[in-house]
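Student: Here the protein sequences come in this chain order: A, B and C. Our numbering runs 22 ahead of the 1-based position in the first sequence. Our numbering runs 169 ahead of the 1-based position in the second sequence. Our numbering runs 484 ahead of the 1-based position in the third sequence.
None of these hints come from the bench; they were simulated from the model. For each residue, glycine too, the CB sits at the ideal point set by N, CA and C. Accuracy of the hints is not assured; some may be wrong.
[To be verified] Pairwise CB distance ranges, derived in the manner of DEER restraints: (1) B:E357 - C:W668: 41 to 47 angstroms; (2) C:W668 - A:S411: 51 to 57 angstroms; (3) C:N663 - A:K358: 47 to 53 angstroms; (4) B:N252 - A:N303: 28 to 34 angstroms; (5) A:E156 - C:L517: 21 to 27 angstroms; (6) C:Q512 - A:D145: 52 to 58 angstroms; (7) C:T556 - A:D287: 38 to 44 angstroms; (8) C:Y641 - A:D145: 18 to 24 angstroms; (9) C:Y641 - A:T338: 22 to 28 angstroms; (10) C:I648 - A:L228: 45 to 51 angstroms; (11) C:R606 - A:D113: 54 to 60 angstroms; (12) A:D145 - B:I206: 44 to 50 angstroms; (13) A:A466 - C:I543: 24 to 30 angstroms.
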Amino acid sequence: MSSDAYGNKGSRARGVTRRRFVRSAALVVGGSALLAACGDNTVAPASSTTAASGTTATTAAAGGTATTAAAAASSGGPITLSHWYHQYGEDGTQQAALKYAADYTKANPNVTIKVEWIPGDYDSKLNAALLTPEGPDIYEGHLTNSMVQAGQVAPLDDLFTDDIKKDFDKVALARNTVDGKIYGVQMINDPQLFYYRKSLLDKAGLKPPTTMDELINASKALNSGKVKGLYMGNDGGIGLMAGNLVYAAGAKFLDDNNKPAFNTDAVAAAWAQGKTLASSNTLLVGAPTDWWDPSAFDQNLAAMTWNGLWAMPTITKTFADDFGVFPFPAAGPSGKPVIYSGGWAEFVNPKSKNVQAAKDYVNWLWLKSADKQQDWSLSYGFHIPPRISTANGAAALKSGNAATVVDLTNKYGYGDLTIWNAAMGTALTDAFTNVVQKNADPKAELAAATTKVQAELDKVLKK
Amino acid sequence: MSIASSKGQTRATGYVVAKGTSWRRYLGQAVLYAVLIFISILFLIPFYLIVRNGLMTQAEITAPDWIWLPKGLHFENLDKLFNDPLASMAVGLRNSLLIAVTQVFGQMLFASMAGYGIARIPYKYRNIVFYIFLVTLMIPGAVTFVPKYVIVSYLGMVNTLQGIIVPDLFNVFAVFLFRQFYLNFPRELEEAGRVDGLNYWGIYWRLLLPNSRTILISLGVLTFINSWNSFLWPLVIGHDSSTWTVQIVLSTFLTAQTINLPALFMGAAVGIFPLLVVFLVLQRYIVQGVARSGITG
Amino acid sequence: MASSKIVPASPKITSDADLNAKGRRKRQLQTTLAFWGFVGPMMLGLIIFAYVPIIWGLILSFFDARNTITPTKFVGVDNYASIIGDDQFRNSIVTILIFALFIVPITVFFSLWLAVMVNTVRYARAFFRSVFFLPTACSYVVASLVWRITLFNGLPYGFANNLIYFFGLDPIIWIGTANPPYYWVVLVTVRLWLQVGFYMILYLAGLQDIPKELYEAAYVDGARPGWATFRRITFPLLRNTTIAVLLLNLIAAFQAFDEFYNILGAKSGLALLARPPLVYLYNIAFTNQNYGAGAAGGFILVSIIIVITLVQGKLLGFGRSENQ
Numbered sequence: 023m024s025s026d027a028y029g030n031k032g033s034r035a036r037g038v039t040r041r042r043f044v045r046s047a048a049l050v051v052g053g054s055a056l057l058a059a060c061g062d063n064t065v066a067p068a069s070s071t072t073a074a075s076g077t078t079a080t081t082a083a084a085g086g087t088a089t090t091a092a093a094a095a096s097s098g099g100p101i102t103l104s105h106w107y108h109q110y111g112e113d114g115t116q117q118a119a120l121k122y123a124a125d126y127t128k129a130n131p132n133v134t135i136k137v138e139w140i141p142g143d144y145d146s147k148l149n150a151a152l153l154t155p156e157g158p159d160i161y162e163g164h165l166t167n168s169m170v171q172a173g174q175v176a177p178l179d180d181l182f183t184d185d186i187k188k189d190f191d192k193v194a195l196a197r198n199t200v201d202g203k204i205y206g207v208q209m210i211n212d213p214q215l216f217y218y219r220k221s222l223l224d225k226a227g228l229k230p231p232t233t234m235d236e237l238i239n240a241s242k243a244l245n246s247g248k249v250k251g252l253y254m255g256n257d258g259g260i261g262l263m264a265g266n267l268v269y270a271a272g273a274k275f276l277d278d279n280n281k282p283a284f285n286t287d288a289v290a291a292a293w294a295q296g297k298t299l300a301s302s303n304t305l306l307v308g309a310p311t312d313w314w315d316p317s318a319f320d321q322n323l324a325a326m327t328w329n330g331l332w333a334m335p336t337i338t339k340t341f342a343d344d345f346g347v348f349p350f351p352a353a354g355p356s357g358k359p360v361i362y363s364g365g366w367a368e369f370v371n372p373k374s375k376n377v378q379a380a381k382d383y384v385n386w387l388w389l390k391s392a393d394k395q396q397d398w399s400l401s402y403g404f405h406i407p408p409r410i411s412t413a414n415g416a417a418a419l420k421s422g423n424a425a426t427v428v429d430l431t432n433k434y435g436y437g438d439l440t441i442w443n444a445a446m447g448t449a450l451t452d453a454f455t456n457v458v459q460k461n462a463d464p465k466a467e468l469a470a471a472t473t474k475v476q477a478e479l480d481k482v483l484k485k
Numbered sequence: 170m171s172i173a174s175s176k177g178q179t180r181a182t183g184y185v186v187a188k189g190t191s192w193r194r195y196l197g198q199a200v201l202y203a204v205l206i207f208i209s210i211l212f213l214i215p216f217y218l219i220v221r222n223g224l225m226t227q228a229e230i231t232a233p234d235w236i237w238l239p240k241g242l243h244f245e246n247l248d249k250l251f252n253d254p255l256a257s258m259a260v261g262l263r264n265s266l267l268i269a270v271t272q273v274f275g276q277m278l279f280a281s282m283a284g285y286g287i288a289r290i291p292y293k294y295r296n297i298v299f300y301i302f303l304v305t306l307m308i309p310g311a312v313t314f315v316p317k318y319v320i321v322s323y324l325g326m327v328n329t330l331q332g333i334i335v336p337d338l339f340n341v342f343a344v345f346l347f348r349q350f351y352l353n354f355p356r357e358l359e360e361a362g363r364v365d366g367l368n369y370w371g372i373y374w375r376l377l378l379p380n381s382r383t384i385l386i387s388l389g390v391l392t393f394i395n396s397w398n399s400f401l402w403p404l405v406i407g408h409d410s411s412t413w414t415v416q417i418v419l420s421t422f423l424t425a426q427t428i429n430l431p432a433l434f435m436g437a438a439v440g441i442f443p444l445l446v447v448f449l450v451l452q453r454y455i456v457q458g459v460a461r462s463g464i465t466g
Numbered sequence: 485m486a487s488s489k490i491v492p493a494s495p496k497i498t499s500d501a502d503l504n505a506k507g508r509r510k511r512q513l514q515t516t517l518a519f520w521g522f523v524g525p526m527m528l529g530l531i532i533f534a535y536v537p538i539i540w541g542l543i544l545s546f547f548d549a550r551n552t553i554t555p556t557k558f559v560g561v562d563n564y565a566s567i568i569g570d571d572q573f574r575n576s577i578v579t580i581l582i583f584a585l586f587i588v589p590i591t592v593f594f595s596l597w598l599a600v601m602v603n604t605v606r607y608a609r610a611f612f613r614s615v616f617f618l619p620t621a622c623s624y625v626v627a628s629l630v631w632r633i634t635l636f637n638g639l640p641y642g643f644a645n646n647l648i649y650f651f652g653l654d655p656i657i658w659i660g661t662a663n664p665p666y667y668w669v670v671l672v673t674v675r676l677w678l679q680v681g682f683y684m685i686l687y688l689a690g691l692q693d694i695p696k697e698l699y700e701a702a703y704v705d706g707a708r709p710g711w712a713t714f715r716r717i718t719f720p721l722l723r724n725t726t727i728a729v730l731l732l733n734l735i736a737a738f739q740a741f742d743e744f745y746n747i748l749g750a751k752s753g754l755a756l757l758a759r760p761p762l763v764y765l766y767n768i769a770f771t772n773q774n775y776g777a778g779a780a781g782g783f784i785l786v787s788i789i790i791v792i793t794l795v796q797g798k799l800l801g802f803g804r805s806e807n808q
């Protein structure tokens, strides 16, 4: 460090810098004042988002709002409810969500719905927010027992009259029930299954596979240099096969007594088949986008792909009717075809200051307003509305591949278990990864996963 | 400062010219340039690809064929980026700029004050305080993330820009560097200031800060980059699109169902651009600042 | 002063020593006040946004805390035991050690090499310096996307596969297979690209502090510019820089998260290929919402980082110059 840099002359010359620093410091102070002002605006109940949505509202509200209006009126005073969505990928979904909110306010002028459209890692953000008193009033997500134990979901049994229960998809209902109480209203069902190119299968003289062996053979037969046989995600299908093979082998994650039920010989054999498929060198791996985006299939990079029903509009646009669908094929003699049915459910945060108003809104949007449920399920990506009558009334699901998916889902669909948490899922995926990538013995890996899942179950059920 | 650095440069390069026949020297330099140019191209390729992808269509990006030069340049991607009513890049740029500038000045102020106090005020427990500060450097942010979020929520700063800015105003690494820097500050100058009747504040404000230009700028630039690129914290704090930063707007192109690749890369290009400008303008200070920070001994 | 002369001697007269003591105490008080005036704001901020969260986390690590961060049920060291007992956590430590083994020496080598080259050329020095430093401005998220989607995708026509096609090799699935583990190429190159410029700047700063006279003296002694002078003069004099680069690099490597998360993901079958501790802990805390176990794992990681830093510091003598 040479001292010449600190000479008197330099010091004077740098007086300018100091003045500049003072000015900058003033800027900081001013900036914070400005921020404080901005902050007040964002906290204020009438946010810019809702204001904007108000102007875009056009159509009249649907029926079934009389009771909600009365309920809200009895509580008195204006109410603002924050409603969280994860970011849907399809164009138009956010505008739709804003429009529903505006429609509700039109019918219930003292209730304002503030739609929060959450990009990025929705789960982390939601989980963090639910730990605080300022979490959302209404949010979508996936129910687990821990959420119930931690008081993050309000029971919604009173919304489900017997009529509604009868008219509601059973898998979706079970998926949102813990200890006999219903906590969530399924918004959409998202079945996942295989898509295949009809022309390519015809050319190879193949029928849609119904067993794992046929799937392996088809993938090999369709694999031709530029076009790979099958695309199941950039992890080589590991994440998808680990769980689906358990069900396709005729087993399940947990039995009715919440004991691990996936460690069977049939599952071990199915996992061995899964390894054969994964290491057959016929799977597309390393595509620019993952399986849930149909780009790779649309670009003709693979003859068959795994995807959700949501991708069907895009795939139809690319291939018209040159594609078909089939469920996850049966694995082994005791196996059966399966379709994993995911989706999203709406919950009410019991920490909300307006639980009743939030419940009224959820009731209105996802149980009463069939037109909005249809719009949400079919105007953007394709999903199956959990209300059976709504699904039946949907013309888009009445024909072609979409109708096939609905039928298959009704026949073979299975949903998540509320007790099965992410830690257990990781244990299972890790075990299957070891089988595929490290040539581990399926039996041993299943046993190890069982131990881990049991340990996790002990902790979750202890409370 | 410029005197010192130019001196340093002649010092360091002098030896190359010292010996060897001239053709050998030229050959050596030619090889050197060839290697440097080759590596430069490698280093610039990712930037090129960001811009290239930003100007192509989704189909072209995911196409099986490699494209060096896209046939048509889709500048409408840029229009779409700024005219998207739901996730405005303009708002993101404004927020990012506001956050980064505030954090730069705030961090520099608090860290230089603390660094000066620890380095030059003969308080009995100053070293203990310093070590207590340093402990925080060892703890990965993931460990404290959730409690920090809950605290911010109790302070009512969730969904505000303050909530993004304030928790990151306190940078211990910067305190460390300022302390090193002020430890080496000539004492004679400080004493002269004292004779002139300056108290601690006067010495800090009138003598040390004006002479800390390089370190202020170099640390400031690094702070600016970090702030600009930070993702998880702004994501969790900002619910409303009016509080989204550039990085959050970028992440909206990457959803659970689809990836909007052209928008993503065009957004990335737009997001990187201000940083490149800041960089190119100020980078010579960064070299000098690092040289004087004491980090290299 | 003036008044004290008029007032007659009082019984309260203070001795010189007393006066000094009082003055010293006053000075001490002034010093203390001045110190906290300068350090106080920093301390206050850290208490709110660092120490309280750290202590909160420490407390949580001894409690069962699922879907909540209110310590409810004390479980002693159960969380620590279950994390240490989990082979996946131990694997993640192995993973990060392997990663550090790759990235640290490679970064040190390349940053020094680039610095020496940039420092040696006569023209366009600022240009090269800028080019190598520019990636520092890029975020890990964006860089990871470029690497995964465009540079190292597994298609025959991806950039890297195009490149190796020149050499007559078959396309490679860069990300997605354990054997051979090509994903390390992807993970190491992305971090190298992002950080090598910064460390190069550190070396450049170090190089400029080496007095030219040393080289001249060496030439007088008959040394040739090049490897000999580098080995005998340049490298030894860059010792402190190298130690700093090693240390900063190692700590950063141990806290690696972004590129792993964005290239391999956190939950897919790929994640297991190379899952560093922070991704593992992220899963536990944010996905499983097991905050007690997540905090415990965090503190285990912290102790490992501290041990490694101390060992490395001991071996290389970091901080010696500071004591001088």
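Student: Within 24 to 30 angstroms or not, the Cβ separation of A466 (chain A) and I543 (chain C)?
Tutor: Violated, at about 38 angstroms.
Student: Honestly, do N663 (chain C) and K358 (chain A) meet the 47 to 53 angstroms range at C-beta?
Tutor: Violated, at about 33 angstroms.
Student: Measuring from beta carbon to beta carbon, are E357 (chain B) and W668 (chain C) in 41 to 47 angstroms?
Tutor: Since the Cβ atoms of E357 (chain B) and W668 (chain C) sit about 54 angstroms apart, the hinted range of 41 to 47 angstroms is violated.
Student: The hint says 44 to 50 angstroms between D145 (chain A) and I206 (chain B); measuring C-beta to C-beta, is that right?
Tutor: holds (46 angstroms)
Student: Could you see if the CB distance from T556 (chain C) to D287 (chain A) stays within 38 to 44 angstroms?
Tutor: holds (41 angstroms)
Student: Could you tell me whether the CB distance from W668 (chain C) to S411 (chain A) stays inside 51 to 57 angstroms?
Tutor: holds (54 angstroms)
Student: Starting from the hint 21 to 27 angstroms, judge whether the C-beta atoms of E156 (chain A) and L517 (chain C) obey it.
Tutor: violated (38 angstroms)
Student: Could you say whether the range 52 to 58 angstroms given as a hint is met by the Cβ separation of Q512 (chain C) and D145 (chain A)?
Tutor: holds (54 angstroms)
Student: May I ask you to test the hint 54 to 60 angstroms on the CB atoms belonging to R606 (chain C) and D113 (chain A)?
Tutor: holds (55 angstroms)
Student: Take a look at whether the Cβ-Cβ distance between Y641 (chain C) and T338 (chain A) falls inside 22 to 28 angstroms.
Tutor: holds (27 angstroms)
Student: The hint says 28 to 34 angstroms between N252 (chain B) and N303 (chain A); measuring C-beta to C-beta, is that right?
Tutor: Once the Cβ atoms are compared, 46 angstroms apart, the range 28 to 34 angstroms for N303 (chain A) and N252 (chain B) is violated.
Student: Could you see if the CB distance from Y641 (chain C) to D145 (chain A) stays within 18 to 24 angstroms?
Tutor: violated (35 angstroms)
Comparing the model with each earlier hint shows violations of hints 1, 3, 4, 5, 8, 10, 13; every other hint is respected.
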